Structure formats: C-alpha cells, structure tokens
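Student: Listed below, chain by chain, are the residues.
Protein chains: 2
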Amino acid sequence: MSSSSAAAAAKPPMRDALVAAAFRLFLERGYEQTTVDDIVALAGVGRRSFFRYFPSKEDVVFPDHERCLSDMTAFLAAGGEEHEPVRRVCDAARLVLRMYAENPDFSVQRYRLTKKVPGLRAYELSVVWRYERALAEYLRGRFAGRPEGALRADVIAAAVVAAHNNALRSWLRSGGESDASATVDHALGYVQSAFGRPSVVVPGEQRSEDVIVLVSRRGAPLWRVVQELESALGRG
Amino acid sequence: MSSSSAAAAAKPPMRDALVAAAFRLFLERGYEQTTVDDIVALAGVGRRSFFRYFPSKEDVVFPDHERCLSDMTAFLAAGGEEHEPVRRVCDAARLVLRMYAENPDFSVQRYRLTKKVPGLRAYELSVVWRYERALAEYLRGRFAGRPEGALRADVIAAAVVAAHNNALRSWLRSGGESDASATVDHALGYVQSAFGRPSVVVPGEQRSEDVIVLVSRRGAPLWRVVQELESALGRG
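Sequence order for the protein chains is A and B. Under this note's numbering, the residues of the first sequence are numbered 1 to 236, in order. Under this note's numbering, the residues of the second sequence are numbered 237 to 472, in order.
Okay, chain A solo, but in the shape it has when bound (with noise of 0.2 Å):
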C-alpha cells in the first residue's frame, strides 16, 4: 500500500484528473463518440496539456504501461548471475499484474472498454509485444553463447507472457474479486515447472533422506519414465 500511495504522490494531479475525465466519457458516451476536446474540456484544462501527457486518445486508455516497461526494464538490468533465468523473468511478469491490481475497478472497467474497441485491442497487442520482447532480450543476454540460446528465450519470454496474461485475464473475468496474486503465481509455476529450474526444495518436505528406486526399460520413452518418477514422488 505504501508503495502505491507513493507512486500516486509522485504522478501530476493534472495527469490524473485527465485519465478519470477520459475514462468517465468513455464509459457514458463509449470511446469513439469521445474527442480528446471533450476531455480536456470536462478536466478544465487546454489540449496543449493533453498532448504533454498522452501522444493520442489511445494512450490514456493505458497510462501506466511505458512507467511499467521501465520498470520491468530496471529490474531486470539490476539482476546478476545468481538468478535463475526463468524465474527472475517470471517476477518481471509479476510487476505488470502490480500495476493492474494497484487500482481494480479502472483495471476491470478498462478491461471491458478494450474488449468493445478493436483500435484498443491491437494498442494492447503492440503492448504485450513490448512486455515480451524486454523479457526475451534479457534471456537472449543470459543464455548468450548456449546452443538455442535465442529460440530459447524467445519461446520462455512468450510463455511467461501467455501464462501471466491467462492469470491476469481470469482475475479481470472475476471482476477484480479472486486472489491475483495466488492465480498468478500459480500460472507462472506451470512455465517455471516446463522450462526452469526449482531452485528450492519444497519447504516442508520431510522425507529428504528416503530413497526412490526406480526401475525401467531402456526402450521405454522418456517421458513414460518421467510420468513413473512424477508419481512415486509424489508429484504427478
């Protein structure tokens, strides 16, 4: 909480009464029926100031997106070696839910708005593309020299971002009720799980020292063999 009220200090009054003037008409009058002088008008401020903020009507509808881009950014120059790949791309993905379940009722009222308008559709495509590529240059970074390293991160990046969008999805569904938090991690555990590392053993386990013996054909495929070993772990 405190981490939102301080990045809500440090955003301009006037930015923000001009995306709650936008987002009032847009849902009264629908989003093509509303011009940029309809909104600047009902926040009582001139076009110039407007254009200051927003490059065009389209980016209003998403005004926390290139703070969030940097941010993504930042957090993932600032790793080091220490962190495993998958999963420090992982968090990454974690800051967007952030940033949607800072404020629920403009993320869900967004959330319905661009599902109406095919112009806001393919504004977040170009979006979600940019979220993908910052994840997969940083892989392409760590997994530089390794064979695939570039099909590699560009097939985890797009997982990640297909798993957290499933995630952030069903909470918009939910109207912004369900636990996001929980449904994310749960979404990006399936990706840790196909492509990464655990790097922990699950707290609680208490039966470390015990001994699996497991037996199998040669011939037999790997995967069979892995379902076998899945499930006397316990696991499957």
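Rather than coming from a laboratory, the hints here were simulated on the basis of the structure. Worth double-checking, as some hints may not be accurate.
As the list claims (entries may be wrong) - Below, computed lysine-lysine pairings styled on DSSO-like, alpha-carbon distance capped at 27 Å:
| no. | chain 1 | residue 1 | chain 2 | residue 2 |
| --- | --- | --- | --- | --- |
| 1 | A | K57 | B | K293 |
| 2 | B | K351 | B | K293 |
| 3 | A | K57 | A | K116 |
| 4 | A | K116 | B | K293 |
| 5 | B | K293 | A | K115 |
| 6 | A | K57 | A | K115 |
| 7 | B | K352 | A | K57 |
| 8 | B | K293 | B | K352 |
| 9 | A | K57 | B | K351 |
Treat the numbers as computed from the prediction; the structure is a model and nothing was measured.
Dock chain B against chain A, hints included.
Tutor: Using the frame of chain A, we list chain B on its own:
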C-alpha cells in the same frame, strides 16, 4: 510444386495484379507515400475492384493470411483423438511457414517493408494473435476437463508461435536462402520436447530390453533426477 501452381490458378488474376502493383509502388516510393489510387492506376482497374479484394491498404501487404487462417482452422478441425495435441499444433504452424516459403522473394520484400512501417507491424501483430488464438482454442478443446487445461493451452500455443516466428525470421533474414523447413522443424522440436510426449521410440534403439535402475533421494529436485535419468539413457 503442384499444390502451389494449383493455388495460383485458383486466385483471380486481378487480385494478383493488384498485389504486384502495390508492391512495386511500395518498394519504389515507400508504403506511406503510395495511395490506393496509385495502385489501381498502375494495375489498370477501378477503386471498387481494389476494395472487392482488400478491405484496406494494409490488407494488400498480407494477401494470403485469411486463406492460411482458414486452412489452419480446417486442418485442426480435421484432427482426431489419435493426434497428439502438441504435435498437431506444431503441424498447423508449419502451414504458415509453407505459405511464406511458397514465394520467397515476395516474403523477403514484405519482411523488409514491414520492419520499416509501424502500421504494418501492428497489423502483423494482430494476425499473429489470430493464429495463436486458433491454436489455443484447439488445445483448449483437446485439454477440456484436464486440470489447468486452458492455461496449458494458452502457454503452449504462445510457445509454438514464438518458436515458429523465431525460425521464420531467421529464414527471412537469410534472404530466403536457408532451409526453412529444417529451421522450423528444429524450433518446433524444442517446444515439443518441453511440452509434448514423444510418440515413437527412436528407431534403431537396439537395447530396449536393458534395464535402468535409478536410485535417488526422495528430496532431490525433480530436474536433477531427470538429468541423471537422461544421462543414464544416453539422451542428455
């Protein structure tokens, strides 16, 4: 080759003439500097003929995606329970590569054009999104009733598209000179190894009756156990 000449024969010549005229002008003058009027003048047809085939100037840049999306949807719908789902979406993605590879010069020209024009980049993102949704919807159907079916479907569809596009871009960057099929097979193989189940035992596997005995502590991370298992099986 016969399928590509059959496809060419099925296309109305006027549509092809419009595409050819548009690309000649885009390359000579630039995309933004070319109007629909310029295109129809060069092709020697009226404006209405243009809009009969293409809703907008952007659509003439990507004349085959609608057909390819229909082909992909039909291909997925034609699959039965006997098709391993991840393999099936990989095969569906190959249809897109085939469309690009049918006409390497055109594809490479378009790639260079799209990189320079932000509006075309946005259009392309929306097309990619539609392919991804087609794959995800198919997987959601196949995974229906399984835990996390929708999440897995979204993540795998995104991974397949990212792998396909990584291979496609590397082929386009080569000027259409590299082996497109081999590149995409390799990229999709990575996704299948992460999410799919190998459906066949490697041919020539002679020692199928040998037995592996793997002893592991129960508390060991699963990835480490799988690593040991892979190296025991000689597939690490």
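Student: Compare the structure with each hint and give your call.
Tutor: Now for the hints, and whether the structure bears them out:
Straight-line distance between C-alpha atoms of K57 (chain A) and K293 (chain B) comes to about 23 Å, which keeps the hinted pair within the 27 Å bound. In summary, the hint linking K351 (chain B) to K293 (chain B) is supported, as the alpha carbons are separated by about 17 Å, within the 27 Å threshold. For the suggested pair K57 (chain A) and K116 (chain A), the alpha carbons sit about 16 Å apart, so the restraint of at most 27 Å is met. With a CA separation close to 24 Å, the supplied pair K116 (chain A) and K293 (chain B) stays within the 27 Å bound.
For the proposed pair K293 (chain B) and K115 (chain A), the alpha carbon gap of about 25 Å is at most 27 Å, so the pair holds. Distance hint between K57 (chain A) and K115 (chain A) is fulfilled; the C-alpha atoms sit about 17 Å from each other, no more than 27 Å. A threshold of 27 Å between alpha carbons decides the hint, and for K352 (chain B) with K57 (chain A) the separation of about 24 Å falls inside it, so the pair holds. Restraint check for K293 (chain B) and K352 (chain B): satisfied, since their Cα atoms lie roughly 16 Å apart, inside the 27 Å limit.
Between K57 (chain A) and K351 (chain B), the direct Cα distance comes to roughly 25 Å. Compliance with the 27 Å bound is thereby established for this hinted pair.
Hint compliance for this structure: every hint is met.
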